[in-house]
Structures are given as structure tokens and as C-alpha cells.
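**Q** Please model the complete structure; the sequences and the hints are all you need to start from.
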Amino acid sequence: MTCSEPVGEVGVGLSLVWLSILAVLWLVTLLLAAFPGRSPRRRPIALLFLFVSGAATLGGYGVRRWLDKATGLPDGAILAGHILGVAGVLTVLELVASLSRTTGAKQRILRTAQSLLLVDIILLVALFAAIPRQLDHPDFGCWHAQSVLVVSYEVLYQAALGTGLTVAIVLFRTRVRTVSKPLLRNASYMIISGFAVGLSYVAVRCLYLVTHAFALPYPFAGRFSFVPAVLLELMLGLFGLGTFILGFYRIGVFLRRLFRYHRLRPLWTLLDQAAPGYVLGPVRSTWADRLDIRGAEHRLYRRAIEIRDAQWELSKFSSPAMTERTIRETQNARHTPGHNAHLLSETLDLETARRAKLAGLPRTDTRPSQDSVTWSGGIDLDSESRALLAIQRLRQDPWVQETAEAIVLEAREVSSAANS
Amino acid sequence: MWIATDTVDYIFHARGTSPLHRQNIVLHEIGHMLCDHTGRDAGLAQMFSRLDPAAVERVLARDRYSTPQEEEAELAAAFILERAGWHGADTTPFGDLDDLF
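Protein chains in written order, with our numbering: chain A, 1 to 420; chain B, 1 to 101.
Just so you know, these hints were derived from the structure itself, not from any lab. Every residue gets a Cβ at the ideal spot worked out from N, C-alpha and C, and that includes glycine. One thing to keep in mind: the hints can contain errors.
Dumping the calculated EDC-like pairs for lysine to aspartate or glutamate here, alpha-carbon to alpha-carbon at most 20 Å [claimed, not checked]: (1) A:K357 with A:E405; (2) A:K316 with A:D272; (3) A:K316 with B:D63; (4) A:K357 with B:D63; (5) A:K316 with A:E405; (6) A:K357 with A:E410.
Anything over 10 Å on all C-beta distances counts as not near chain B; from chain A, calculated [claimed, not checked]: (7) L19; (8) G76; (9) V125; (10) I169; (11) F214; (12) G237; (13) A418.
**A** Structural data, given as C-alpha cells:
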């Protein structure tokens, strides 16, 4: 940094790395705003990204100069950036406080730290007002580096950043071990590494402030002058990349569930026609349904439950004899579409029951079939929707259709013979 | 089915369905409890011979969503699960940090 030119070049210069970091940060911020979720912790996360993205953007000297000229407030962009930075630290502490198993003494420490940071913001504003600043001499830190007011201001800001980063490292580090997927765990470690690099940046900044104020030799001058900027970029890069991976994973899960919801429409429609009355709320048109991307999980869950409700209702039309033959046919089947005998048996049982109801066969309220044909699926939405998609695919197999038809035909003949 | 007596609440669910469906049935009945729904189907209560009919305060069974109470309980079931997370407890990919990410 230099103060030799009245325009100054304080802050971060325009570079591809810097623009990429800003793009990632703002992308994550916008995604969090667009998909807020229902978790009470999502709002602080969105705020954190807003503050970090804002502070990082105001770190660019071009943005600072433009904002100062636009507002007419000398170095106002620096103060705004610093307040956003401390607000980000406050939000990190709020997130830590909201995590489970952060109780008692740790909660008190966190609340005390938050109170101190609020005082820190007030002191920063007061000191900023007292520091002499000029619009044509940007960055008071350069022009009044040895002023007590300026050194106090800078140290206060760095102390706030250091506090937040230390707390984040200490409290998140142990929890990252509980993340099961290696990719997500590594992304989480990337974020923690970003905090650690940030702590190094804070240390370098403090060293710069002290050496500059007391005219001492600064080790990162000359050929090592790139170190602070690289540390800052590395911190934001690791933080941005780590959260981008996590966010990308979440989006991937969301899209997969949305696609599954739409892919299950044929089975859902078929069973709704066969056993009406199990769809909750009004049925929308296909296009209105396709254009709506909100609440993928909730909609997929309802679709899965409505399919299962209809399946349960239809199973009452499958007599014990039909179920027995279903199981026997599945066991004896030489042609087995797919590789899962349970799924095949369940699909055949469902198709047989559906055809039995359509054929006008009577409902049987004794249901030994529920103990004989095991239903697939799992306790979670993903395994359940996967099983239903497999049933939908298996149902279209000619073997399933022909066998179900044969079973129902036999049941009708038995029923006719009994009636006559 | 939810049967409320003056001292105990009983929830019964169908056997043989998928685990998620079973869970929804149970959450549906809990939804009735949370929404303080009322209803008394004497026929259903009589299915349980050991239960004193005089002690039964409410009986609600899950069938088609034919009444506002049934719709409300079904929505409550989905909201409970949404709040708890759509994945099962043993498949939480984010571990302790699940709510953060």
C-alpha cells in the first residue's frame, strides 16, 4: 500500500481471482435468499453471507472510491465495510449460540462476546467521526497511520475479526467430524481452513498497524508485499468454495427430489383413478405443477404418501388366494424384470389388486396379504421415492401385466363359479 | 387410529405398509392431538374389547381426507416431518451441522 499518490490504491485491486470470489459469494447469498427453507438457522446464514459479500465488495478500492464520491462521505465505504465485517462476526456467534449442545458457560461466553462486539461497533463509529478525513486523500489508515485514534480504530476492528474467527474455529472443528459424506466433510474443513487463514490475515494486519505506527520494519514489505492480499483472497476463496460445494449439494438434492416428484406423476394419476379420495387439496394441471418449483420435498412427500394410501386401499381387493398366487408366480418367474424379488412381488400385488377392483371383484377385509407381501421403501423420503419409481418402472413390464391379468381372470372365474 | 382416554392416548397404525407411510400415519394421529381435534366413533372404540367405553373420550381414524380435521392432521404430519428433516435420523449427511447447511 502507498499513500504517495493522492488517489491512493488502498484496498483490493481488480483481478480475476477477486472477481471470482465475489461472484461465488454473491451467488451463494442470492441462492440463500431465493431458497430460505424453514430452518430457524437459515436466516442468520443468509445474513452472514450478505454481510461477508458486502464487506468483501467494499474491500475493492474502485468500489470504495465510487461510494465515497457518491455519498460525499470521506472513507465512508471503509467504515461501512468494517461494520459489515463485525456484523458478520456477530452473526457467526449467533449461529454458534443456536447450535445444539452449546449450553451453560459457552452460551454465556458467546453472549458476552456479542455484547463486546456491539460496543466495538459503537466505538468504531465514534472513532471514525473523530478521525480527520479528506475525500481527495482516501484511506485515513495510510494518511494518519501514527495517530492514536487511527491505530485504536484499526486494532478494534482486527480484534473483532480475530474473536469471531477464533470462536468459529474452536466450536465448529469438532462438529465437522460428524459430517458423514467425505465431500461435504472436506468442504466443511475448507471453510474452517478459510477461518484459520483469516486469522493469519488478522495477525499480519495487526503487525502492519504496529510497525507502521511506531516506524518499525515491516516484514511483508517489498517482495513479500503480496502476502496480505493473498491471505485475504485465500480466506475468502476457501470460505466461498467450501460453502459453494455445500450449497451445490443441497441444490442437487432439491432438484433430484423435484424430478422424482414429476416422474412419479403417472403412477400417482393411475392410482388416484383406481382409488380416488386420497389426494390432499386441489389437483393442479400438469403445466401449473411443472412450472412451480417451490417445496419440492413437501410435494414429493405428499405424492409418496398419496400413492401409498391408494396402494393400501387397493390391497383390500387382493384376496388371500390372489396374494398367494402373486408370491408363487414371483418365486417361479424365470423372467424377472429388475433384480429385487420383493419389489417385483409388491408391484405384481399392486397391479393385481388394481385390476381386481376394476374387474368388479369384491373387497376383502381380511388381509393376510399385508403380512405376506412386504412393502418396499424406507423411513426417509429418498429411499421411499426410489422404491416407488422402481414399482412404476416394473409395473410397465409385460410380464407383470400378463401375470396380473391371469391372476384376476382366475379370481373372476372362481368368483363366478361360487356365485352360480 | 387415535383413541384418547382420560389417562392414556393410544395410537394404532397399519402393519405391512412402508416405513415412511407408517410414520405418516403415526404423525397424522399426533397432528390430531396437537390440533386438539374431537370425534367419537363408537363403532371403532368397540373394536377394543378390553377398553372401557366410558373411559374413551375421543376416537379418530385416518381414512380419506373427507373432513377439515383429517386434512389438518395430514398437513400437521408433513410439517412435523419437514421440521425434523426429510431424511431419516441415521442418514443425516451433515451430522451436527445439518441445520446450518
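**Q** Which numbered hints are broken by the structure, listed smallest first?
**A** none
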